[in-house]
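Protein chains in written order, with the numbering used here: chain Z, 1 to 333; chain F, 1 to 269.
Rather than coming from a laboratory, the hints here were simulated on the basis of the structure. There could be a bad hint or two in this list.
[Claimed, not checked] Incomplete in silico selection of chain F near chain Z, CB under 8 Å:
| no. | residue |
| --- | --- |
| 1 | F6 |
| 2 | Q9 |
| 3 | S36 |
| 4 | G37 |
| 5 | R52 |
[Stated by the list, open to error] Here are the simulated lysine to any residue pairs, SDA-like style, with alpha carbons at most 20 Å apart:
| no. | chain 1 | residue 1 | chain 2 | residue 2 |
| --- | --- | --- | --- | --- |
| 6 | F | K249 | Z | K220 |
| 7 | F | K76 | Z | A63 |
| 8 | F | K252 | Z | Q41 |
| 9 | F | K129 | F | C31 |
| 10 | F | K164 | Z | V89 |
| 11 | Z | K220 | F | T206 |
| 12 | F | K129 | Z | V89 |
| 13 | F | K252 | Z | P64 |
| 14 | F | K164 | Z | E97 |
| 15 | F | K249 | Z | E97 |
| 16 | Z | K98 | F | K252 |
| 17 | F | K252 | Z | K220 |
| 18 | Z | K98 | F | S269 |
| 19 | F | K252 | Z | E97 |
| 20 | Z | K98 | F | S256 |
| 21 | F | K252 | Z | L70 |
| 22 | F | K129 | Z | A93 |
| 23 | F | K249 | Z | G67 |
| 24 | F | K252 | Z | V238 |
| 25 | F | K249 | Z | L70 |
| 26 | F | K252 | Z | M66 |
| 27 | F | K129 | Z | R65 |
| 28 | F | K76 | Z | K220 |
| 29 | F | K252 | Z | A224 |
Using N, Cα and C, we set each Cβ at its ideal position, and we do this for glycine too.
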Amino acid sequence: MSAPVRTTPISPDAVDLTTTFAGLSLPHPMMTASGCFAYGQQFAHFMDVSQLAGLSTKGISPAPRMGNPLPRICETASGMINSIGLENVGAEAFLAEKLPYLADLDVSVWVNFFGEDADAYVRCAEMLSAGAERGIDVLEMNISCPNIKKGGIEFGTVPEVAHRLTKRCVEATSLPIVVKLTPNAADVPAMAQAVHEAGAVGVSLINTITAMGIDVRTRKPRVATMYGGLSGPAVKPVALRMVHQIHTKHPDIPICGMGGIVSGEDALEFLMAGASCLQVGTANFSEPPAGLRIRDELRALMAELGISNIPEIVGCIGRHDPEPPYAPEESWT
Amino acid sequence: MPPSQFGAQLVDNQALSGGYFTLRFACDPACGAPLSGIEPGQFIMVRGEWGREMLNPRAFSVLDAQPDGSFSILIKIYGRGTAALSALRPGGLVTVTGPLGRGFSAPAGATQLLVAGGVGLPPLHLQAKRATEAGRAGGVEMFYGGRDADDLVLTEALEDWGVKVTYATEDGSRGHRGFVTVALQERLRAAKASGEAVEVLACGPTPMLRAVRTMGLAHEVRTLLCLEEEMACGFGVCLGCAVPVRGPKPYKYCCSDGPVFDAREVRWS
Chain Z
1 MSAPVRTTPI SPDAVDLTTT FAGLSLPHPM MTASGCFAYG QQFAHFMDVS
51 QLAGLSTKGI SPAPRMGNPL PRICETASGM INSIGLENVG AEAFLAEKLP
101 YLADLDVSVW VNFFGEDADA YVRCAEMLSA GAERGIDVLE MNISCPNIKK
151 GGIEFGTVPE VAHRLTKRCV EATSLPIVVK LTPNAADVPA MAQAVHEAGA
201 VGVSLINTIT AMGIDVRTRK PRVATMYGGL SGPAVKPVAL RMVHQIHTKH
251 PDIPICGMGG IVSGEDALEF LMAGASCLQV GTANFSEPPA GLRIRDELRA
301 LMAELGISNI PEIVGCIGRH DPEPPYAPEE SWT
Chain F
1 MPPSQFGAQL VDNQALSGGY FTLRFACDPA CGAPLSGIEP GQFIMVRGEW
51 GREMLNPRAF SVLDAQPDGS FSILIKIYGR GTAALSALRP GGLVTVTGPL
101 GRGFSAPAGA TQLLVAGGVG LPPLHLQAKR ATEAGRAGGV EMFYGGRDAD
151 DLVLTEALED WGVKVTYATE DGSRGHRGFV TVALQERLRA AKASGEAVEV
201 LACGPTPMLR AVRTMGLAHE VRTLLCLEEE MACGFGVCLG CAVPVRGPKP
251 YKYCCSDGPV FDAREVRWS
């Protein structure tokens, strides 16, 4: 056991929430996550979207995709399973119809993308490069979606395969590439290292955890594709562990952390584990402006704990104090 | 009216027969009356202060909404969310997102045959109320089915408004014995024979909607189905509530394209 770090509370106004991620300067760490923010417009009813630090779009493929059969989602304890099937408008329609709205926002625009095979990834990166002068700041390469077939799983789980794919995409675009990692890999730090060495400026994690729900009355899976991706607070401890493992092994790799963040305290945990910016996903469904509330809670909590800036606490996790050594003795009672 | 998210407080929780409850809420006064212009069939997402284990809000059709900001929903205990709501006491707080989706249009020329099954009552109850308020109670006719007499609720209001209602129960304890669709079938045949213009608006369990759809298509009358699908957000982002449709794309979304769909469009076997 260790005692709390002794701190003196400071004024919330004295908390500096600015952060940098792979050379990007952000006013605070809170972004929204891919697949949980569509292309942004729907959220304008509920919040000033420009108050976010950034957003990641629905995953874009070279051609439009129609998505999976029903049912596509189910709720589980503190989480939900989805199998949407990477439904999206395709790169061309994205650039023409969705990007102009995003470009007008004062946020860092990350376009999540993927392909159904390696060539399609490269083609998608090339197509989206046309958005470099039109508002796209980062390409977030999704090598981790559990909901496509065609060998997609290897991109996210075999370091050599991920390295080759990342290298080809980096060479195909002028935009910085952040690789979104899957938790469904044996050695996540090795995946992070492989894509970083291939030229990715950073990594984001975690994507959803492959999962299943069963309806015992119908004897059917609760999503039509049998397995889907688990998200929400249920996955947070797994996500934290993976962020921390990468940061510990490769402190030079910038990490965008996510996985079940619903509060300022969750956000602070991810920063302490080693992330320098954060994405909010599933929480947006029940509370569209969740990212902004979490930003405010983070500020208040940092003030309470006397933390004046983000770099001070990124990856600050230490070990518990060692216990005195034990040797067998006679009973002392 | 564009959707917003607002707080609301339970004013009244009334247990009805058959395990139904009507919950009446008052909006946070700072929010005005965000639901007062709601169309029958539009819905809201409701989440109580029940922690994070039940992560997502629940979708409910609106039973009624007043200019003073109060509104009500009809619930039946089906899972943990409805159980938690049924236990809510006056003063209890919920977070509401809405109004969401597209509802039914008001009766114009054709007589609207409103087909309600079980907990699918609210959109049609509100449609009947709005028609009555517009002096067109004669422009709608209700077909309301349930398992037994206890499964039919809020019928006094329909009768007070002077709306013609045909009841059907599976055990014959009120109205026709059998499914409500049998009574609808007869009504559609009579309309066809007399050349009367009718259209069908339906909400209820999926087997009922399938039968209504088949009948509407067979009689070539405009048939609108108010559907229900599992949804996480309710405003077109999670893409969980896909509805199979005919047309250039295989799916539309229950929350943002519906929940009201033309029966011809829905791709059901």
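Here is what the structure says about each hint:
Residue-level restraint check for F6 of chain F is violated (minimum Cβ-Cβ distance to chain Z is 10 Å; threshold 8 Å). At its closest, the beta carbon of Q9 of chain F sits 18 Å from a beta carbon of chain Z; the interface hint therefore is violated under the 8 Å criterion. Taking 8 Å as the C-beta cut-off, the interface hint given for S36 of chain F is violated, the closest approach to chain Z being about 17 Å. Restraint check, G37 of chain F versus chain Z: the minimum CB separation of about 15 Å is more than 8 Å; hint violated.
Annotation: R52 of chain F was flagged as interfacial toward chain Z, and the flag holds, the nearest CB pair being 5 Å apart, inside 8 Å. The hinted pair formed by K249 of chain F and K220 of chain Z fails the criterion: a straight-line CA distance of about 26 Å is larger than 20 Å. With a C-alpha separation of about 43 Å, the suggested pairing of K76 of chain F with A63 of chain Z is violated against the 20 Å cut-off. Proximity of K252 of chain F to Q41 of chain Z is assessed by CA-CA distance (about 18 Å); at most 20 Å being required, the pair is judged to hold.
Restraint check for K129 of chain F and C31 of chain F: the C-alpha separation of about 25 Å exceeds 20 Å, so the hint is violated. For the hint linking K164 of chain F to V89 of chain Z, the alpha-carbon distance of about 47 Å lies beyond 20 Å, and the restraint is violated. For the suggested pair K220 of chain Z and T206 of chain F, the alpha carbons sit about 18 Å apart, so the restraint of at most 20 Å is met. Of the supplied pair hints, the one linking K129 of chain F and V89 of chain Z is violated, its CA atoms being roughly 40 Å apart against a limit of 20 Å.
At roughly 15 Å between alpha-carbon atoms, K252 of chain F and P64 of chain Z fall within 20 Å of each other, so this suggested pair holds. Annotation: proposed proximity of K164 of chain F to E97 of chain Z is violated, straight-line Cα distance about 48 Å (limit 20 Å). Under the criterion of a C-alpha separation no larger than 20 Å, the hint pairing K249 of chain F with E97 of chain Z is consistent with the structure, at around 17 Å. Restraint check for K98 of chain Z and K252 of chain F: satisfied, since their Cα atoms lie roughly 19 Å apart, inside the 20 Å limit.
Distance check on the hinted pair: K252 of chain F and K220 of chain Z sit about 24 Å apart at the alpha-carbon level, beyond 20 Å; violated. The suggested pairing of K98 of chain Z with S269 of chain F is violated, with an alpha-carbon distance near 34 Å, which exceeds 20 Å. For the given pair, K252 of chain F sits about 19 Å from E97 of chain Z by alpha-carbon distance, which is consistent with the 20 Å threshold. Distance restraint check for K98 of chain Z and S256 of chain F: the Cα-Cα separation of roughly 17 Å lies within the 20 Å cut-off, and the hinted pair is therefore satisfied.
Under the criterion of a C-alpha separation no larger than 20 Å, the hint pairing K252 of chain F with L70 of chain Z is consistent with the structure, at around 12 Å. Simply put, K129 of chain F and A93 of chain Z have alpha-carbon atoms about 43 Å apart, too far for the 20 Å limit, and the pair is violated. A hinted pair counts as satisfied when its Cα atoms are at most 20 Å apart, and K249 of chain F with G67 of chain Z qualifies at roughly 10 Å. Taking the CA atoms of K252 of chain F and V238 of chain Z, the gap is about 34 Å. The hint is violated against a cut of 20 Å.
About 15 Å separates the Cα atoms of K249 of chain F and L70 of chain Z, which keeps this hinted pair within 20 Å; it holds. As the CA atoms of K252 of chain F and M66 of chain Z are separated by approximately 10 Å, the hinted pair is consistent with the 20 Å bound. Simply put, K129 of chain F and R65 of chain Z have alpha-carbon atoms about 42 Å apart, too far for the 20 Å limit, and the pair is violated. The hinted pair formed by K76 of chain F and K220 of chain Z fails the criterion: a straight-line CA distance of about 24 Å is larger than 20 Å.
For the given pair, K252 of chain F sits about 17 Å from A224 of chain Z by alpha-carbon distance, which is consistent with the 20 Å threshold.
The structure does not agree with the numbered hints 1, 2, 3, 4, 6, 7, 9, 10, 12, 14, 17, 18, 22, 24, 27, 28 stated previously, though it agrees with the rest.
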